[in-house]
Amino acid sequence: MALKSMNLVVLSLRIITAAAVITPLAVYYASSGSLAGFLFPKTEIQIPNLRFEIVSYDVSKSDGGYVLDLKLSNTGSVPFGIRNLEGEVSLVNHEFTGRFSLESPIILASGQQGSLRVILLPVQGDLKTFEDALSRDEVFNVTGRAIISLGDAELPFTFTAELKPSEVGERGGF
Amino acid sequence: MEAFRVVYLVSGLLFLAVALLGGAWWELVLGEPAKPVLYVGLSPFGIESKLFGSQAIETPPVLNALLLAFRALAILGASTIVIGAMLEGRPWSKKLLNLRPLTMSIGFAILVAATTMLLPRFLSTAIPQLAQLTPNLNEAFAPYSSGRLRINLYPLTRVNSSLDLAFKSQLTLNFWIASLSGALCLAGWVLTKKRARETLGEAKPVTEEQPPITS
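Protein chains in written order, with our numbering: chain A, 1 to 174; chain B, 175 to 389.
Only chain A is shown next, with the shape it has when bound in the complex (with noise of 0.2 angstroms):
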């Protein structure tokens, strides 16, 4: 009696195992429709689209130093924005050196516009050498750091670049 229990047990534990492994494969065999959508379905990396353009800039004169306002349009498909901006520009031929940083955070939605005002106040030199240069077309660097915000996530984002006024004009946006 002892062992006709015994039996029935394992027989019993091995069913259901044989059924734990093969009913979800039948179910989701049958929804699938095909073998080959089973086994290897189209599926693409879902990289969100990261894109925005500047739309216009205007830079005026404020308490010894600059406002620049960019007017800026997330095209991209997910939310974009810029919560944290600091850095230094400087003249690689004459000398001037600024610290800029942003005024307010910015979070744009797909699709949206919005302004984001940076100001930028000397350390060394005078603004006039700095207008003087950026007229003339000559070569300044720009270092700093930023926090951007895309989707749900936040990117600490370092950069350093060698540009001139012209170039910063054509890049437009990523």
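It is worth saying that the hints were derived from the structure and are not from the lab.
Incorrect hints may have been included.
To be verified - Pairs of lysine-lysine residues, derived as DSBU-like cross-links and limited to a Cα-Cα distance of at most 35 angstroms, are as follows:
(1) A:42 - B:224
(2) B:224 - B:209
(3) B:209 - A:71
Fit chain B to the supplied structure of chain A, relying on the hints for placement.
Structure of chain B alone, referenced to chain A:
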């Protein structure tokens, strides 16, 4: 209750909790933990990958079916351990005790080690630019590591710019609970064998003495 049954009971309950609650056994977090850029969570019961907070890869049906089957087997294995440990008087109760928590934990650890070892090599071969973009990618894909991943954006932007992201890869609490369950299971199995040997040892002298009595 016999000692081995108590050990098996605790093991079964722990593994049942892990199998029912779900959650990753190994995870890789790239970026700030609260708002990660990339999150990859693996367990024998599920795969989760999020890029910028959205699901990045859809798992194929065959893999979903296998993961569901693993979950069903884990719940079944843990349930039978609990029932087997509790039904002391039944002669077939020992047949319900199994080592599934141990085999699943060890199997998962081997799989993670192999994946984290092979994936960077595969990615470097498939996308040769990756070595230029992320020179220390191998460090991030280790079973247990933390540090900072530098992504060089110059090849993409032509401006000397980089992303400096914190990364952390680790075996989670779920894995360690499953491993503890596996270790207890092994201890229960050892105790069962030891007890069986002792019973056999006690029984042998009696059977040797029996022939003279019966004859």
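Against the structure, the hints:
Proximity of residue 42 (chain A) to residue 224 (chain B) is assessed by CA-CA distance (about 19 angstroms); at most 35 angstroms being required, the pair is judged to hold. Restraint check: the Cα-Cα separation between residue 224 (chain B) and residue 209 (chain B) comes to about 11 angstroms, which is no more than 35 angstroms; the hinted pair holds. Only pairs whose Cα atoms come within 35 angstroms are accepted, and residue 209 (chain B) paired with residue 71 (chain A) is accepted, the gap being roughly 26 angstroms.
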